[in-house]
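Q: The chain contents come next:
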Amino acid sequence: MTNQSITQKLANPTRFMGLSGQLLPWLAGASAAIIGYAMYLAFFVAPPDYQQGHTVKIMFIHVPSAWLAMMAYVLIAISSFGLLVFRHPLADVSAKAAAPIGAAFTLLALITGSLWGKPMWGTYWVWDARLTSVLLLFFLYLGLMALRSSIEDEALAAKLTAVLALVGVVLLPIIKFSVDWWNTLHQPSTGLTTTVHASIRIPLLVSALGFSLLFFTLHLKAMRNEILRRRVKALRMAEVDRAQGSHASAAAAE
Amino acid sequence: MSGFWVLVRRDLQLAVREGGAIGTALGFYLIVVALMPLGLGPDLNLLSRIAAGVLWIALLLAALLSLPRIFEADYEDGALEVMATADLPLELVAAAKSLAHWISTGIPLALMAPALGILLNLDIGSAPALIGTMVAGTPAISFLGAIGAALTLKARRGGLLLALLVLPLYVPTLIFGITAINAVALGSDGFWQSFAMLVALSMGATVLGPVAAAAAVRLQLQ
Amino acid sequence: MKLVADTLVLARGGRTVVDRLSFAVDAGRALVLSGANGAGKTTLIRALAGFLLPVEGQIVLEGGSADRTPAEQCHYVGHLNGMKSSLTVEENLLFWADFLRAPGAGSGVEPPERVGAALTRFDLEPLSDIPAGYLSAGQKRRLGLARLLVAERPVWLLDEPTVSLDTRSAGLVAALVNAHTAAGGIVVAATHLDLGLERADELRLGPRVVAA
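Residue numbers (our numbering), protein chains in the order written: chain A, 1 to 254; chain B, 255 to 476; chain C, 477 to 688.
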């Protein structure tokens with residue numbers, strides 16, 4: 001046991017449950033505190049934008065959401081690689097748990113983006129390059145979740161979803177590139193890309209940190225739920241096997 | 255003749271024998287394009303402006319309908335299992351089947367596009383560019399589509415799921431395909447740039463598609 | 477040549493189906509897998525054919541070709557026949573003969589001749605121009621088995637080869653297997669029936685012992 005690396009120790013689901021159980025309250029507390037502080041900075045410290053007024057405050061949720069939308073996909077891709085190549089026992093738990101959370105942050109980025117756009121563009125949706133890319137990312141999340149839910153054999157579903165996630169991670173930069181290219185052809189930049197002023201940079205970073213911690217809190221909790229669900233499933237299967245075994249031995253005794 | 259070409263030939267032979275599939279895809283292509291003026295009104299200026307986009311999107315949908323054909327039948331009748339024991343790596347099996355799909359579906363659809371362009375008041379002079387870009391771009395549709403076809407072999411609601419999985423992957427092909435045709439039809443520059451991107455996408459897809467599709471098939475033969 | 481399975485552990489759907497199984501089949505021998513439904517016969521054959529990766533243990537073909545996996549030296553005949561209903565009987569076999577031919581193996585008999593011989597052997601000659609979709613279940617099964625003869629492979633993996641065959645055809649399968657082992661080939665067959673195979677050993681796959 002002593003000469004195992006940390007990842008090997010964490011690979012053991014029982015050990016993971018113990019460690020994550022201890023870590024979770026701290027992580028949750030820290031994310032709540034930091035998000036609270038970021039909101040305080042956003043609403044009481046950061047100045048309103050001379051152009052956008054108070055709507056600029058949406059950015060403190062929009063930007064971290066968009067960042068997490070991408071990070072969650074990268075996390076899914078790394079986990080998928082871990083599942084297919086190293087057959088790491090926690091890799092699929094991680095990938096499966098991250099998908100709905102990533103999708104939720106992607107949706108949040110889309111909603112806050114369109115709310116932010118309303119006063120600027122006069123309409124809730126314009127085909128801005130960034131929003132379009134995030135929308136396509138949202139479709140990839142939907143695909144991952146839909147594929148997993150439509151295959152009955154869970155182990156197979158996990159591996160096929162991992163293949164899709166890796167295909168997605170190869171194609172995402174190309175999709176992003178093509179959307180940017182398409183956008184510059186049809187319209188000039190829409191202003192969502194304005195450079196960030198120093199006075200709001202700090203609150204923005206604090207907010208991003210807080211939301212990242214929130215993501216990891218949710219992800220850890222979802223992983224724990226998934227492990228518990230798998231344990232219940234294993235217990236039920238063992239029950240079925242035992243019943244079958246006693247049935248077979250009773251039949252043999254007759 | 256190596257196993258690769260033997261398989262391509264057989265899949266083409268099957269596509270011809272079971273000709274209904276190609277006919278259905280072409281018919282579908284025609285009706286989707288024909289519905290556009292009915293929905294948007296017969297304004298010829300508007301139609302010629304959106305013709306390239308309509309032709310490409312309808313082509314994507316028509317090709318999408320035929321994607322399950324790549325693996326489904328061979329999976330259901332056990333031929334795919336036997337192929338997995340052959341000397342030819344499963345990656346090349348997937349590549350051969352994608353290539354046959356492209357020849358039997360992508361090329362007929364591309365060749366039909368100029369005729370449908372007439373319905374949308376597309377400048378007849380852009381027909382060669384239309385066919386050229388579609389022939390250059392459709393390999394990406396077949397080879398990336400093979401991934402979706404392989405992933406959904408055992409899935410419930412496979413057809414709908416397939417659309418959800420592969421349509422986002424087709425976005426770059428769609429964008430570069432449409433801008434290339436528009437460059438010719440509307441007289442703006444940048445045709446070769448878009449065309450080169452289309453070719454690059456198709457070439458990339460011929461590598462990524464078979465590798466991922468073979469991995470998916472292998473997992474489902476277990 | 478020798479087909480060796482070493483402490484094989486196979487699982488399906490999270491359940492261990494075959495637990496630490498070891499066996500070896502020498503050249504010229506047949507191994508008959510028997511046991512109740514669900515005992516793991518099909519799982520074992522699919523693992524030998526390379527579809528299912530063992531959880532533990534390994535499968536080796538000692539004395540086989542070095543640059544081909546054991547699976548690539550096997551003929552696999554499973555529950556499905558792998559024949560296209562819109563191709564004729566002969567076209568189906570010709571495809572498999574061409575497709576399964578090892579690259580660079582120019583050894584003597586050309587695919588068309590092999591297909592002719594296989595058709596004769598399985599009484600399929602009168603049907604050779606008929607699309608396979610018209611065939612009865614028994615005829616389709618014979619067509620599926622005829623694949624064994626159109627390409628040369630040392631190991632035959634047969635999963636319930638006699639399903640939907642009449643006694644005469646079942647006898648034909650037995651004769652074929654005997655001829656293959658007599659020529660130094662290896663056969664692993666899962667079957668319920670006693671086929672009367674020569675040079676055959678039996679491996680009984682039992683129901684898994686479950687600790688109560």
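Among the clues, some could well be false.
As the list claims (entries may be wrong) - Taking lysine to any residue pairs in the SDA-like style, the calculated list, with each CA pair at most 25 Å apart, reads: (1) LYS616/C with GLU330/B; (2) LYS233/A with GLU636/C; (3) LYS233/A with PHE43/A; (4) LYS408/B with ARG230/A; (5) LYS118/A with GLU239/A; (6) LYS408/B with VAL85/A; (7) LYS408/B with ASP502/C; (8) LYS176/A with ILE304/B; (9) LYS233/A with VAL531/C; (10) LYS478/C with ASP502/C; (11) LYS478/C with LYS616/C; (12) LYS616/C with ARG263/B; (13) LYS408/B with LEU108/A; (14) LYS408/B with LYS118/A; (15) LYS176/A with PRO422/B; (16) LYS176/A with GLN447/B; (17) LYS408/B with GLU636/C; (18) LYS408/B with ALA158/A; (19) LYS408/B with LYS478/C; (20) LYS57/A with LYS221/A; (21) LYS221/A with LEU108/A; (22) LYS221/A with VAL74/A; (23) LYS57/A with LEU108/A; (24) LYS118/A with LEU135/A.
Just so you know, the hints here were simulated from the structure itself, not pulled from any lab data.
Q: Work down the list of hints and note, for each, if the structure agrees.
A: Now for the hints, and whether the structure bears them out:
| no. | hint | in the structure |
| --- | --- | --- |
| 1 | LYS616/C with GLU330/B | holds, 15 Å |
| 2 | LYS233/A with GLU636/C | violated, 33 Å |
| 3 | LYS233/A with PHE43/A | violated, 47 Å |
| 4 | LYS408/B with ARG230/A | holds, 22 Å |
| 5 | LYS118/A with GLU239/A | violated, 57 Å |
| 6 | LYS408/B with VAL85/A | holds, 22 Å |
| 7 | LYS408/B with ASP502/C | violated, 37 Å |
| 8 | LYS176/A with ILE304/B | holds, 23 Å |
| 9 | LYS233/A with VAL531/C | holds, 20 Å |
| 10 | LYS478/C with ASP502/C | holds, 4 Å |
| 11 | LYS478/C with LYS616/C | violated, 31 Å |
| 12 | LYS616/C with ARG263/B | holds, 23 Å |
| 13 | LYS408/B with LEU108/A | violated, 32 Å |
| 14 | LYS408/B with LYS118/A | violated, 44 Å |
| 15 | LYS176/A with PRO422/B | holds, 11 Å |
| 16 | LYS176/A with GLN447/B | holds, 17 Å |
| 17 | LYS408/B with GLU636/C | holds, 24 Å |
| 18 | LYS408/B with ALA158/A | holds, 13 Å |
| 19 | LYS408/B with LYS478/C | violated, 35 Å |
| 20 | LYS57/A with LYS221/A | violated, 29 Å |
| 21 | LYS221/A with LEU108/A | holds, 20 Å |
| 22 | LYS221/A with VAL74/A | holds, 19 Å |
| 23 | LYS57/A with LEU108/A | holds, 15 Å |
| 24 | LYS118/A with LEU135/A | holds, 17 Å |
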